[in-house]
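Got chain A; can you put chain B on it based on the hints?
Heads up: the sequence lines are chains A and B, in that order. Here the first sequence stands for residues 121 to 470, numbered as in this note's numbering. Here the second sequence stands for residues 2 to 640, numbered as in this note's numbering.
Hint data in this document are derived by calculation from the structure and do not stem from the laboratory. In this text the structure is predicted, and so the values were computed from the model without any measurement. Glycine included, each C-beta is placed from N, C-alpha and C at the ideal position. One or more hints might be untrue.
[Stated by the list, open to error] Below, simulated DSSO-like cross-link-like pairs (lysine-lysine); rule was C-alpha separation at most 30 angstroms, straight line:
1) Lys-408/B <-> Lys-256/B
2) Lys-191/B <-> Lys-251/B
3) Lys-433/A <-> Lys-256/B
4) Lys-464/A <-> Lys-251/B
5) Lys-167/B <-> Lys-464/A
6) Lys-473/B <-> Lys-424/B
7) Lys-222/A <-> Lys-433/A
8) Lys-222/A <-> Lys-140/A
9) Lys-438/B <-> Lys-222/A
10) Lys-16/B <-> Lys-186/B
11) Lys-167/B <-> Lys-314/A
12) Lys-222/A <-> Lys-169/B
13) Lys-251/B <-> Lys-404/B
14) Lys-464/A <-> Lys-256/B
15) Lys-318/A <-> Lys-484/B
16) Lys-484/B <-> Lys-324/A
17) Lys-166/B <-> Lys-464/A
18) Lys-324/A <-> Lys-166/B
19) Lys-165/B <-> Lys-256/B
20) Lys-62/B <-> Lys-464/A
21) Lys-464/A <-> Lys-169/B
22) Lys-474/B <-> Lys-494/B
23) Lys-408/B <-> Lys-140/A
24) Lys-222/A <-> Lys-408/B
25) Lys-484/B <-> Lys-202/B
26) Lys-192/B <-> Lys-169/B
27) Lys-202/B <-> Lys-165/B
28) Lys-408/B <-> Lys-318/A
29) Lys-16/B <-> Lys-251/B
30) Lys-241/A <-> Lys-256/B
31) Lys-222/A <-> Lys-256/B
32) Lys-202/B <-> Lys-324/A
33) Lys-408/B <-> Lys-438/B
34) Lys-62/B <-> Lys-119/B
[To be verified] Chain A stretches covered by chain B per the calculated footprint, using a threshold of three residues with CB under 8 angstroms from any CB of chain B:
35) 192-198
36) 203-215
37) 426-435
38) 438-451
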Amino acid sequence: MSALPMAGAPATTNRVGLTKNDYRGNPTTLCQGCGHNSISNQIITAMYEMSVLPETVVKFSGIGCSSKSPTYFMNRSFGFNSLHGRMPSIATGALFGDHTLKGIGVSGDGDTASIGMGQFKHVMRRNVNMIYIVENNGVYGLTKGQFSATAEKGLSLKKQGVNPYMPVDICMEALVSNATFIARSFAGNPRQVKELLKAAFAHKGIAVLDIISPCVTFNNQDNAYHSYAWGKDHEEPLHDITYIAPRSEIMLEREMEDGEVREVAMHDGSIVILKNLEKGYDPTNRFEALRALEEAQQNNWLVTGLIYVNTEKPSLAETYNLVDTPLNQLTDADLRPAPELLDKINELMF
Amino acid sequence: MNKVVNDFSIIVGTKNGSGSSTANNTILRAIFKMGIPVSGKNLFPSNIQGLPTWYTIRVSKDGYLGRRDINEIVVAMNPDSFTRDLESVAPGGAFFYADDIRLPITRADIAVYPMPIKELVRSDPNIPTDFRDLVGNMVYVGILAYMIGIDIERIRSAIEFHFKKKAKPIAMNMGAVTAGYEWAKANLEKKDPYSLEPMNKTEGMIMADGNTAAAIGAIFGGAQFVAWYPITPATSLVEAMNDYFPMLRKREDGKHTYAVLQAEDELAAIGMAIGAGWSGLRAMTSTSGPGLSLMTEFVGLAYYAEVPVVIWDIQRIGPSTGLPTRTSQADLSFATNMGHGDSDTVVLMSGNINECFDFGWQAFDIAERLQMPIIVLSDLDMGMNQWMSKPFEYPQTPMDRGKVLTKKDLEELKGNWGRYLDKDGDGIPYRTFPGNKHPMSSYFTRGTGHDEYARYSEDAATFHRNMMRLKKKFVTAKQYMPKPVVYRSPGTKTAIVAYGSTESAIIEARDLLAGEQGIKADFMRVRAYPFTREVDEFLAAYDQVFVVEMNRDGQLHQLLSLAYPQHVMKMKSVAFGDGMPASAKWIREGILSQYAETAPARSVQKPAAKTKTVVKQSPPKRGTVKKTKTAKGGRKGVK
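Okay, chain A solo, but in the shape it has when bound:
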C-alpha cells in the first residue's frame, strides 16, 4: 500500500499499514465553520482508527451541501454523487456489485426528508448494508436559504417568513420504517460522532446517523424560535451556554454526560437542546426508542446517542443468498447458461 507515498517523517500507521492521510479527501469547498467538515473529519478518524481498508468502502450521496462532502474524505474509496434524493437507490444497486463492501452515504435534510423521503424509508426497510448520515441543518444551503422539512415550526428565515409546519424527525421516520441502527448526534460533539460512526460501521445493515450540523451562512435569523435570546430569558437554563461567533465551528466545550440535557447556541444565536440518552437506556427496545423520541419531541429536545439497534435482521445482501464471490467478479461461465439449457427452453415454448 505504498502507492501514495507521503513526504516527511514516517507517519504512524494503523493495522492495515495506512496512515491517516490515506483516509483523507480533497480540500473542502464548503463554508468555513460548516459542521459538515467536522463530520468528514470524524469519518476519516474513525475509519483510520478502525483500520478499514479504504477500498472496501463505497461512498454515496445525493445533491446538496452535505452531498458534496464525500469528496472531502477517503479518496481511495469509490464514490457516487448521484441525484437529489436518490442516493438510496444508487447505493442499493451498487452494493449488490460486491456484497463484501460497506456503504457510507452522506445526505442532507432536504435530500432525505423532502425530495428523498420515499427512497429513505425504503432503504431503511430493506436494511441495505450502509451507514446513512444525514447532515441535518434544517435549511437548504446550496440554493441559499429555504426551509427544509426538518426545520422546526415557527422558525423564520430571511426570504421565507415563518415555517408553519411541524418538522420531520429523521430518527422517528427511520424507526417506524424498521431501520436496524438509529443514532443522533451533533457535529460539535466530535467524540460522540466518531464513536457512533464506529458502531455504525460495525453494524450489518442500515445505520442511520442523524447529525445536527449547523449552517453557518443561511440559518441566520436572530429572532428564531429556540433563539439564543429565548434561551437566555429562560428561567433556569440547564447549564451555561457559550456563544460562538459566526464563521467558526460550534463545538461542545466538554463531553456530555449520560442523560444530560444541554442547550447549544447556533451561529445565528438560536439554540438546539441536546439530550444524551440515560445510562440505563436500552437501545434494543424499539418501544423504548419510540417513547424516548416522542418525549424529546414534546420537550423540544434533540435526543442524542444510540437510539435503537437490532442486530438480528439479515442485511439486504444476506436476504438474497448471493454466491460468496462478489457478483461483479463472476465470469461468463458463471453467468451464461449452457447451450443445452436453451434447447430445453425451446422445447418449453409451445
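Just chain B now, kept in the frame of chain A:
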C-alpha cells in the same frame, strides 16, 4: 358452400377475469400443434374483473401473423358485449354464443350456434360448483373443436402442458372439452365454411411472447441485477425472469448469481439498476411509457456519468396513462431524446420474438461496450401476445464486458489511468469496479462537471471537451448497432420503412399490394438508433418511401427526416395510433392513399411545403382508395 380452410380468424368475447385465457391458449396451442400457422392476441381492458375482453386467434396457411380486421368466427360468452360481438361477425361467418344469454339474434347472413354451456357444466358431477365458470370456457373449446376440426388429442396435450401434468385439473378440463365436443356432434349441423386441416408449417417452430423471449435472452446475456416496478405491459418481462432464473442459473450450492428487486417506484428501479451497472453488474429494468417518463432524470445521469444499464420499454399508448392495455410505437421520439441538456440515447428496436431474445443479451454487450443507457423498444402486442417464431438461437459471440481495468491491469499501468480519458480515440474511456483493491482503482462518479480524471470541474474548456468526447462516443456507437433488416422485390423504386412489431403486418401488406394493385415495395425494418450507413443507402435507392408506424405524429418519419434531410422529399408518413396492433389492411390503405404512380423526383428542388402535409392523424379516408374492395376506412377497434 366453398370450404375455407386454415385461413380465418376467431374472436372470443368474455368478461375480464373469467378465466378464459386457459381455454384460448388451449385452442391456440392445439392449432399450432396441428402444423397450422396461428397467432393469438389478447385485447383486454385495464381492469381486474368484469369488463369485456376479447381474444383473437388468427389461423393463416400463408403464415401471416399480424392482426386482421375481420373475424369470421365469433364466440360470445359475455352478455355485455353480445350485441357488439354479433354485429362483428363477417358476412357468411359463424356465431357461437352461450345460450343463457337471452338477447335477440338480429342477423340472418351468418350461421348461429347456441351453446348450452351452463347446462353441460352443471350436469358434470366431476366439476365442483366454484369451478363451473372457469371450466365452462372449456366447453366452447370442445364445441369449436368439433365444428372447425381442432384435433382433440392436440387439445389434450395442450391442457396437459398447461397444467404441468397435474391429473385432477387435466381430467376436469378435458371432461368439459369432451362434453362440448360430444354435444356438438349430436346436436349441431355445420352451416359455415370454416375449417382446419393439419399442415406441416409449424414444425421446428416455437410459440412465445416477446416479454418471455426478452427475459430469457437477458438471462442468457448474463443478467445479474434487475430492479423494476410493476406496470402493464412490462410486468410479465421481469416475472418471466423470476420464472426462468432458478432453472437457468441453478448452482450446486443453491446460491444466487443474480438479484431481482421490486422497487418502490420507477425512480428507484432505474436508480438501483444504474447503481448496479456502475458497480460492474449486467443491470436492467423493464417498464412502459409512464415509468420511462419517471426514469428520465436518471437516464441523463447514466449518460453523463457513463454507466451501462439496459431499459426495456414495452410501449403502450399514451400520452399520460393513455390506454394502459393497448399497444403503441409512440415512445420513439422520447426514447431517442431522453434527458435534459445535450444527451443521446442508444435505442434498439426489436421487431419479432427472436429479436426480443437476441436484444435480451446483445443490449448488455452494447451497454457495457459503450458505457451508456440502452433503451430497447418493444410493445404490448409483441410483448404480451403469442407469436409463432423460429427457436431461440444461442448467442453467437462471447459476452463483451467492454473496457474494464482489473487490479492486475492497474498494476501494469502503475495506477496511471483516468476514468474519462479517451485513450483509444473512440470516445469510450476505461472504468474500474468497486471492490477493485488497487489503491489507484477508485474514482468519484458524479453528474456534475468533471475532468478526464473524474475530478469536479467547472472549467469551461474541460466541460466542452468532455461533451465533445461523448458526441464522439455516440458516433462510435454506430458500429455496434444492429443493421436494418431488408426485404427486397427486384425492380421497384418504392419502399416501406418501419420499426418494431409491425413487421408481420407489413409483410402481408406487401403481398396484398403486389397481388391486388401490382405495386411492389421493398421493405427496410430499422433496428437501432443511431441509424447506420445502411439506412441512408437504402433511402437513397428509392423514389418514394413510406414510413409506417403506430403513432400519431410519424415519429420515425421525423427522426429519419432529421437524420437524412437529403431524403425528406421522398418520405411519406403512414402513421396511425389507436391502441390496436397494425393490420395489413390499414397499412395497404395508408400507402395507397399517398401512392404516386409516377414517382416524385429524388428531392431537394421540389417545394417543401406540400409533402409535409401528409395525412398523419387519421387512417386512410373512406373512398380514397379506389382499387381496394374492402376500403371501408379506418380501423374500428374491437368489435
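Now the hints, each set against the structure:
Annotation: proposed proximity of Lys-408/B to Lys-256/B holds, straight-line Cα distance about 26 angstroms (limit 30 angstroms). A distance of roughly 52 angstroms separates the Cα atoms of Lys-191/B and Lys-251/B; the hinted pair therefore is violated under the 30 angstroms criterion. Our distance criterion of 30 angstroms between C-alpha atoms is met by Lys-433/A and Lys-256/B, whose separation comes to about 19 angstroms. Using a Cα cut-off of 30 angstroms, the hinted pair Lys-464/A and Lys-251/B holds, with the two alpha carbons roughly 14 angstroms apart.
A C-alpha spacing of about 20 angstroms is found between Lys-167/B and Lys-464/A, which places the hinted pair at or below 30 angstroms, so the restraint holds. A distance of roughly 13 angstroms separates the Cα atoms of Lys-473/B and Lys-424/B; the hinted pair therefore holds under the 30 angstroms criterion. Proximity of Lys-222/A to Lys-433/A is assessed by CA-CA distance (about 17 angstroms); at most 30 angstroms being required, the pair is judged to hold. For the hint linking Lys-222/A to Lys-140/A, the alpha-carbon distance of about 19 angstroms falls within 30 angstroms, and the restraint holds.
Note on Lys-438/B and Lys-222/A: the hinted pairing holds, with a Cα-Cα distance of about 14 angstroms set against a maximum of 30 angstroms. For a cut-off of 30 angstroms, the pair hint linking Lys-16/B to Lys-186/B stands: about 27 angstroms separates their Cα positions. For the hint linking Lys-167/B to Lys-314/A, the alpha-carbon distance of about 61 angstroms lies beyond 30 angstroms, and the restraint is violated. Restraint check for Lys-222/A and Lys-169/B: not satisfied, since their Cα atoms lie roughly 51 angstroms apart, outside the 30 angstroms limit.
Taking the CA atoms of Lys-251/B and Lys-404/B, the gap is near 29 angstroms; set against the 30 angstroms cutoff, the hint holds. Only pairs whose Cα atoms come within 30 angstroms are accepted, and Lys-464/A paired with Lys-256/B is accepted, the gap being roughly 22 angstroms. In summary, the hint linking Lys-318/A to Lys-484/B is not supported, as the alpha carbons are separated by about 55 angstroms, beyond the 30 angstroms threshold. Restraint check for Lys-484/B and Lys-324/A: the C-alpha separation of about 49 angstroms exceeds 30 angstroms, so the hint is violated.
Annotation: proposed proximity of Lys-166/B to Lys-464/A holds, straight-line Cα distance about 17 angstroms (limit 30 angstroms). A threshold of 30 angstroms between alpha carbons decides the hint, and for Lys-324/A with Lys-166/B the separation of about 45 angstroms lies outside it, so the pair is violated. In summary, the hint linking Lys-165/B to Lys-256/B is supported, as the alpha carbons are separated by about 26 angstroms, within the 30 angstroms threshold. At most 30 angstroms may separate the alpha-carbon atoms for a hinted pair to count; Lys-62/B and Lys-464/A meet this at roughly 28 angstroms.
For the hint pairing Lys-464/A with Lys-169/B, the CA-to-CA distance comes to about 26 angstroms; that is within 30 angstroms, so the pair holds. With a C-alpha separation of about 35 angstroms, the suggested pairing of Lys-474/B with Lys-494/B is violated against the 30 angstroms cut-off. Pair hint Lys-408/B plus Lys-140/A holds up; C-alpha atoms about 23 angstroms apart against a cutoff of 30 angstroms. Between Lys-222/A and Lys-408/B the alpha-carbon distance is near 19 angstroms, which keeps this suggested pair within the 30 angstroms criterion.
For the hint linking Lys-484/B to Lys-202/B, the alpha-carbon distance of about 28 angstroms falls within 30 angstroms, and the restraint holds. Under the criterion of a C-alpha separation no larger than 30 angstroms, the hint pairing Lys-192/B with Lys-169/B is inconsistent with the structure, at around 36 angstroms. Among the hinted pairs, Lys-202/B with Lys-165/B is consistent with the structure: their alpha-carbon atoms are about 26 angstroms apart, no more than 30 angstroms. Straight-line distance between C-alpha atoms of Lys-408/B and Lys-318/A comes to about 28 angstroms, which keeps the hinted pair within the 30 angstroms bound.
In summary, the hint linking Lys-16/B to Lys-251/B is not supported, as the alpha carbons are separated by about 39 angstroms, beyond the 30 angstroms threshold. Taking the CA atoms of Lys-241/A and Lys-256/B, the gap is near 28 angstroms; set against the 30 angstroms cutoff, the hint holds. Pair hint Lys-222/A plus Lys-256/B holds up; C-alpha atoms about 21 angstroms apart against a cutoff of 30 angstroms. The straight-line distance between the Cα atoms of Lys-202/B and Lys-324/A is roughly 59 angstroms, outside the 30 angstroms bound, and the hint therefore fails.
A hinted pair counts as satisfied when its Cα atoms are at most 30 angstroms apart, and Lys-408/B with Lys-438/B qualifies at roughly 6 angstroms. As the CA atoms of Lys-62/B and Lys-119/B are separated by approximately 34 angstroms, the hinted pair breaks the 30 angstroms bound. Only residues whose beta carbon comes within less than 8 angstroms of a beta carbon in chain B count, and the stretch 192-198 of chain A has 4; three or more means the coverage holds. Counting residues of the stretch 203-215 of chain A whose CB falls under 8 angstroms from any CB of chain B gives 10; the rule of at least 3 is met.
With 0 residues having a Cβ less than 8 angstroms from any Cβ of chain B, the stretch 426-435 of chain A misses the three-residue criterion, and the hint is violated. With 10 residues having a beta carbon nearer than 8 angstroms to a beta carbon of chain B, the stretch 438-451 of chain A meets the requirement of three or more and the stated coverage holds.
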